[in-house]
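**Student:** Here are the chains, one letter per residue:
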Amino acid sequence: MASAKTNTEDYLRMYRQMVRIRTFEDNANQLYLSAKMPGLTHMYSGEEAVAVGICEALTDDDRITSTHRGHGHCVAKGADFKKMFCELLGKAEGYCRGKGGSMHIADQSHGNLGANAIVGGSMGIATGSALRAKLQGSDDVTVCFFGDGATAQGLMYEVMNMAALWKLPVIYACENNGYSEYTRTEEIAAGSITARAEAFGIEAFRIDGQDVLAVNELAQKLVARCRKGEGPFFVELETYRYHGHHVGDINREYYRSKAEEKDWRENRDPIVRFRTWLVDQGVASEDEIEAINAEIEKDAADAVAYAEAASYPDTSEVDMHVYAA
Amino acid sequence: MREITLSQAVNEALAEEMRRDPTTFIIGEDVAEAGTPFKVLSGLVEEFGTDRVIDTPIAEPGFMGIAVGAAMTGARPIVDLMFGDFIFLIMDQLCNQAAKTHYMSGGKLNVPLVLRTNLGATRRSAAQHSQSLQALVAHIPGLKVAMPSSAYEAKGLMKTAIRDNNPVVIFEDKLMYQDKAPVPEQEYLIPFGQANIKREGRDITLIATSSMVQVAEKAAEILANEGIEAEVIDPRTIVPLDEQTLLESVRKTSRAIVIDEGHQSYGVTAEIASRLNEKAFYHLDAPVLRMGAMDVPVPFSPALEDLTVPTPEDVAANARKLCAGEMIHAA
Ligand SMILES: Cc1ncc(C[n+]2csc(CCOP(=O)(O)OP(=O)(O)O)c2C)c(N)n1
Ligand SMILES: [Mg+2]
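The listed protein sequences derive, respectively, from chains W and B.
Using full-length UniProt numbering, the first residue of the first sequence is number 1, and each one after it goes up by one.
Using full-length UniProt numbering, the first residue of the second sequence is number 1, and each one after it goes up by one.
Hints are not guaranteed to be accurate.
[Claimed, not checked] Calculated cross-link-like contacts (lysine-lysine; reagent style DSBU-like; alpha-carbon spacing at most 35 Å): (1) B/Lys321 to B/Lys218; (2) W/Lys36 to B/Lys39; (3) W/Lys36 to B/Lys321; (4) W/Lys221 to B/Lys180.
Please keep in mind that the hints were generated in silico from the structure rather than gathered at the bench.
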């Protein structure tokens, strides 16, 4: 594993954030399976090192845009479990007062401009946020998360062109989990993904998205360079989603083998890898790790219970927020 | 008669037309092995192969444009747009290119393609996966718009759409895919521009499209228990619109409510209501009412989402008022 120059506290926070994502998703999946969650949701489990490695290089002033698979980005950017579960259950105390749900969860307090249910739909938004930073002389950076499937959207090429022309402080982070819905990436993406950005003169990187330290080290460098006006950048992160495309995608052997899933889970799990490293390096003991895990599990259980008991928005809210005051 | 689901009906229509016409092909995301997320196309790639059931990248404007070009040069593409909400991504290819080509070429070029997509809220899918956008395309001259309300309509209208020489947009109600209805085994087509009188009645006409036909029929049952006889009419295609059947009904009943799941304002309901006002004015005993989805983005929370779509109770309540002469002076 690559190592970044950070202290013990940073390492443990990164570990904690990854476990928080996994635990959040396990609980969300459970809510779906027990028919307590309205609609469907897309699990981020398996991709934790991507969101955490990148978001740990950001401050609350830095912005991100997220995707339909957005819980991981939201947690990694600092969101609160209670407000997130409330949103997933359509409750008034959710981040979007129940109006957005899983696919539109957003958390302005930590710079998360929101998940998006249109694949590629946030690429313009992220680039616009970066243009605003440049125009207003602000040194914040925007990270645009999107999947391999989203590289097929024309919008990406329009905005990368402008970002490169105008040297915008934006990082395009392509989470390549090998699939877009039920189709393998090779079948929907011709040529190399990083070459797409390079065609615009954008420096592009391809990296193991299961190695949180490597991701974080690269992210720190790129964020610092963006702040100096050297952006934009493009990063392709090789990763894997453990669950189906969404929680209801259970029988998926027709497009993805159990053996492949098992291999990623057992041999490349980002949390297990980092945990082993932490223990090996003497950053934390097994007991300390277990204590962290237990604390997070309790946090999540409490938040779920809280959200289940929370109230739905009052019916009068239905036509509130259509127009800004 | 045998009963099949709306999903099976669409599947059969496509299979029959693809057997009949080798220039047809299906193009869209996850249409082949996956058979779409709603599994409507299951089995088609096994019969027709990947040359005629074509999986695309997530590139809606791209494959829509490709379909337009293929249609202009002798093929009959059937474009699969996974959610009706994605119409916003393909508007240029659909409305500036497909819709206008025949006219702009002085009638020399045709664009015989079908755009299959869906509509409907209350699936807890939030604002970008729940819209009913038929009014947007119905506004554009050159596009035909079909809105099946059951498996029977879904099959007959699809077959007609595929044989039509114009771009046709078909909106299926995504909540209805598993609903069964009697569908004949022998071949049939449903011509465009022919409304279907689902239920006869003398007191009030309920004109409803797609997902709202069931709502209107349930409202008619509620009303029947109270002695109000509602006539329920499904236009089946909103472009072309069977004005004559609608007008005849309204001349008989003197009252009408138009119900469609698109937003209330500037919508399909407004268009139909206004035609009735223009052409049956002297026969009306009450203003023609519009009932659409609330003018709000579809909210995720079930506590809010269910408020946004007309229900049988809402329709019955309005019908009751119209029949009692209560809304004549309504603003
Ligand atoms: C414009 C648009 N087209 C299609 C969809 C349906 N859809 C939702 S997620 C998805 C696959 C996205 O794949 P990818 O970008 O690789 O993200 P992943 O799900 O793998 O994280 C598709 C096709 C959509 N939401 N938006
Ligand atoms: Mg993917």
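**Student:** Taken at face value, is the distance from the CA of B/Lys39 to the CA of W/Lys36 at most 35 Å?
**Tutor:** 24 Å, holds
**Student:** W/Lys221 and B/Lys180 were given as a pair; does the straight-line alpha-carbon distance stay at or below 35 Å?
**Tutor:** Distance ~58 Å between W/Lys221 and B/Lys180 Cα, so the pair is violated.
**Student:** Between B/Lys321 and B/Lys218, does the CA-CA distance stay at or below 35 Å?
**Tutor:** Judged against 35 Å, a Cα distance of about 17 Å means the pair holds.
**Student:** Going straight from one Cα to the other, do W/Lys36 and B/Lys321 come out at no more than 35 Å?
**Tutor:** 38 Å, violated
The structure is inconsistent with the numbered hints 3 and 4, although it conforms to all the rest.
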